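Student: Protein chains in written order, with this note's numbering: chain P, 1 to 793; chain Z, 1 to 185.
Worth flagging that the hints you see were computed from the coordinates, not collected in a lab. A hint or two may mislead.
To give an idea of the interface, some chain Z residues facing chain P are shown, with a C-beta separation under 8 Å as derived from the structure [claimed, not checked]:
1) 43
2) 47
3) 86
4) 89
5) 92
6) 93
7) 95
Pairs of lysine to aspartate or glutamate residues, derived as EDC-like cross-links and limited to a Cα-Cα distance of at most 20 Å, are as follows [stated by the list, open to error]:
8) P:132 to Z:167
9) P:159 to Z:112
10) P:159 to Z:58
11) Z:76 to P:72
12) P:135 to Z:143
13) P:48 to P:137
14) P:159 to Z:132
15) P:135 to Z:167
16) P:159 to Z:129
Partial list, computed: chain Z residues near chain P (C-beta under 10 Å) [claimed, not checked]:
17) 67
18) 70
19) 74
20) 78
21) 97
22) 102
23) 142
All values derive from a computational prediction rather than experimental measurement. Quick reminder that beta carbons are idealized off the backbone N, C-alpha and C, glycines included.
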Amino acid sequence: MKLTLKSQILIPFLVLIFTTSVAIIGSVFFATKNNINLQLKESLYTGKNVFERLMAIRGDQLIDSSEVMVSDFGFKAAIASSDKNTILSALDNYQQRTDVDLMMIHNIDGSLLANTLNNDPQDSSLSQKDIKTIKKEGGLLTTMVINSTAYQVAILPVKAPTTIAWATIGVAINTAFAEELKKLTNLDVSFIGSNNKGELFTISTLPEIMSADASDNGNDLTEIRHFYSDNKEEFISLSIVIHKLNDYQINAHIFTSLTKAYAQYTPLQWQILGISILALLTSALGALSISKNVTKPIAFFVKIAKQISDGDYTDDKAHKQRNTTEIITLENSFKKMQKGIADRESKILHQAYHDTLTGLPNRTQIKEYITSLIEDSSTTEFTVISINIAGFSQINDAFGFDVGDDFLKTFSKRLEKLTSTPGLSARLSADNFITILPTTCTDSVPKSAHTIQAALEKNINLSNIDIAVSVRLGAASYPEQGDTAEQLLRRSGIALNVAETYNRSLSFYETGEDQQYMKRIRLISDLGDAIKNNDLVMFYQPKIDLHSQSISQVEALIRWIHKDLGFIPPDDFIGLAESSGMMPDLTRWVLSSVAAQASEWRKQNVNAVVAVNLSAHDLAHDGLPSFITELLREHSLNASDIMLEITESAVMDNPEHAIEVLESFKALGIDLSIDDFGTGYSSLSQLKSMPVDELKIDKSFILNLPSNKDDQIIVQSTIQLGHNIGLRIVAEGVETIEAWHLLEQWGCDKLQGYFISKPMPAEDFAQWYAQYDPAEHCITPANKNVESLLGNS
Amino acid sequence: MVDAKGTTVPAAIVHISGPKVLTTDSLPMAVMDQVDREYTPHLLPIYTGQQVSFPNSDNVRHHIYSFSKTKPFEIKLYANTLPPPLTFSSPGEVILGCNIHDSMLGYIIVYDGGKFKQANSKGSVSFDEPQEQISTLTIWHPDLKNRSLTNLRPKLSGSSVSTIAIDLNPPPVKISKKKSGRFYK
Chain P
1 MKLTLKSQIL IPFLVLIFTT SVAIIGSVFF ATKNNINLQL KESLYTGKNV FERLMAIRGD
61 QLIDSSEVMV SDFGFKAAIA SSDKNTILSA LDNYQQRTDV DLMMIHNIDG SLLANTLNND
121 PQDSSLSQKD IKTIKKEGGL LTTMVINSTA YQVAILPVKA PTTIAWATIG VAINTAFAEE
181 LKKLTNLDVS FIGSNNKGEL FTISTLPEIM SADASDNGND LTEIRHFYSD NKEEFISLSI
241 VIHKLNDYQI NAHIFTSLTK AYAQYTPLQW QILGISILAL LTSALGALSI SKNVTKPIAF
301 FVKIAKQISD GDYTDDKAHK QRNTTEIITL ENSFKKMQKG IADRESKILH QAYHDTLTGL
361 PNRTQIKEYI TSLIEDSSTT EFTVISINIA GFSQINDAFG FDVGDDFLKT FSKRLEKLTS
421 TPGLSARLSA DNFITILPTT CTDSVPKSAH TIQAALEKNI NLSNIDIAVS VRLGAASYPE
481 QGDTAEQLLR RSGIALNVAE TYNRSLSFYE TGEDQQYMKR IRLISDLGDA IKNNDLVMFY
541 QPKIDLHSQS ISQVEALIRW IHKDLGFIPP DDFIGLAESS GMMPDLTRWV LSSVAAQASE
601 WRKQNVNAVV AVNLSAHDLA HDGLPSFITE LLREHSLNAS DIMLEITESA VMDNPEHAIE
661 VLESFKALGI DLSIDDFGTG YSSLSQLKSM PVDELKIDKS FILNLPSNKD DQIIVQSTIQ
721 LGHNIGLRIV AEGVETIEAW HLLEQWGCDK LQGYFISKPM PAEDFAQWYA QYDPAEHCIT
781 PANKNVESLL GNS
Chain Z
1 MVDAKGTTVP AAIVHISGPK VLTTDSLPMA VMDQVDREYT PHLLPIYTGQ QVSFPNSDNV
61 RHHIYSFSKT KPFEIKLYAN TLPPPLTFSS PGEVILGCNI HDSMLGYIIV YDGGKFKQAN
121 SKGSVSFDEP QEQISTLTIW HPDLKNRSLT NLRPKLSGSS VSTIAIDLNP PPVKISKKKS
181 GRFYK
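Next up, chain P with everything else stripped away, as it sits in the complex (with noise of 0.2 Å):
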């Protein structure tokens, strides 16, 4: 279950006070309660101690008043008198003189003498044991049970000097004592007299509560005791015994109201409740303010956050309860933040259709624009032109990366003066450029393309340095050559990067362009798959030793059979692998590959050396000659069992890293070779400097060699030249005999082509290498009348 923060406040709030209440109501009921039964006892005892010493001097009163009494020479005379009427009167003056309400007189036998009663008790005569106790102690303090009266009573003998009679006087235990002690002690208090026949007597000062306590039978009378009256209200009692002989008992039982001392506490305890309510009540409208008072700025806070959610930065000057500093900070603080999304989203918004570092427009924009002027019914056509800087890498080398920013700046505020609408222009990537023409390429686009070309290609100078400029555009019209943003976008690209290829400064899409360049896409894809699958498949061509007469290389050449397309030719994915970086990876499949096979010909005699060709990008990867030597380690192989060819064009991209790399793999022992000799101007000294063993003449020329004058010198002095810097000579492509006898007049070394073989999997070039005749091929110049051939073609 959810709870709302009011609740959440509110909640443990009134728990805790109802909890503190609960507990302190029921601590003080508990401890009053406790507390009084604690005094009420205290108070029985105290009760049962006063009683006890009041009895005691009570004793000692009547002690003292007998014996003063019995002293008295007069009353001994009225003693010894023996004359009854005498004895009375002097009773009844001693009576009259203290406040005693018994006396009597026994004769030294123990039978009454004479009385102060009114009516004559009946059989009150001293006992034998009380006169030994008598003469023993010189006097006795007891009770007498005297017609249904209890008496504390002393005797004491008459002495005249010697005994002549035992004096008895005494007090009533009666009512008047019980209320004399219920002074003293505030606790109720009744005697009850018994023997053995029954109850003798009851004085209580409460007559009517007795009854419920009135059995002292089974009870320990020393401890205090629970008991409830008729009208079901709570006593304790204590009881002490008075007088305890055989034939009869005197308990005096003294016992206060627990009920009543409760409710003496009754209004207190009203009132801690009623304090408890209305604490409770207070706390709670409290709690209640205070969460309100948290909660209302937090609602409104809630509704701030719910805009700012829903894109709504509005100040909202509505709320005013600005009652804390913490709410006031946090509605600032909500303020700053407001502004700040506002202010971060109109930053975020403008880099998501804008280029950071020039301002244009991205790509974003540019297509939302070019699809908004599609919609807008009033277009009729327009011309997107893509813009490449042409080598903006070598800028950014040359000079670093901030004079490229600057540079880029400067390009793009000239391309954005070009357009006469603002936004038409827009920055793609690094380099990649758009903008937008109003017209179509049928009449005045090319006009207006040079026209942007020849502005856009002036000098830029920074820091005092004058920068050439140069410009590639790739073009595509609405609604002839597409009709949506994202097609005439690729399709200016598409027609830029055919500029670029071949090196155009304008170039306009052409129908079909978009599938050539689709199919591109989807072989750099399925490139990535052959590799990883091998779906690749290596074909091997064989290059024969004039010499020896003997196949004495055999090179390696990729295949790749594409389960949809069928045979793709080596120059269509070996760019893509190239300008794809998928370069290093095919390059090591086809070592892995290569390596493999020629440890499987060793084994079956197969001795050809194999030549792998090796890309430019592969002439950048410094990892190779440890990759190589590895392979070889691993397939047991030595270097001479491969050799590697570099084309031309490849080392002249970079002559000097070039022969670096070159120089390692001859370290290595392994022959290099010059392929497509002949194609990629490089110079006499260059060839010089070169750590190669072979030059292929490449295959344009050799093709046509028996028919091409011009060829045939160019081919003849190629292998003059070679060989007199020490290298050895390859033709490729040679497809005829005639081709052949010339090659051999002229001394080339190796000859390679379709008149030898074709290229061939591995297991038909083994197979084929076993059947080899030489004889064959083997047609010497002598035999043949080579400028005959020559005339004849």
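Starting from the known structure of chain P, fit chain Z onto it as the hints suggest.
Tutor: Just chain Z, lined up with the frame of chain P:
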């Protein structure tokens, strides 16, 4: 004389029967003095008609009295004064007390003839009269259980020395005064 336990009982008065005293004049004046707040002697046997003088040797007053039926009287005795003597004309015991000093107790035993002697500290007494001449014999002692002058003649043995056992009350205890709780039972 011994008590029930056979212990020697001193100071008892033994009386044997004999002729009545006819002339009181010849009887000497008996003296019951008060010395150090005690009757001296403690027991004073006399004959009927004999005069007893009550001198006061103390320097305090005494107020001697008797509630005995034999001779009830009271005399206020001032220090070093001598009141007129009293004549005890009937036989019996007279218990003397002092109204001022409760502890004072004295006895005057009045016999109307015969012969009496007080036992010595060994509890023995001797008479010159032959046994056959003695018709009655009584013993008096303040603690005697049966305070009657019963004839004890039959208890005499034939020989010149007889031991007579008498039953005594335990001597009265001096009760020291205690407050609170005394006697309380």
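Student: Can you name, in rising order, the numbers of the hints this structure does not satisfy?
Tutor: As far as the earlier hints go, 1, 2, 3, 4, 5, 6, 9, 10, 13, 14, 16, 18, 20 are violated by this structure, in ascending order.
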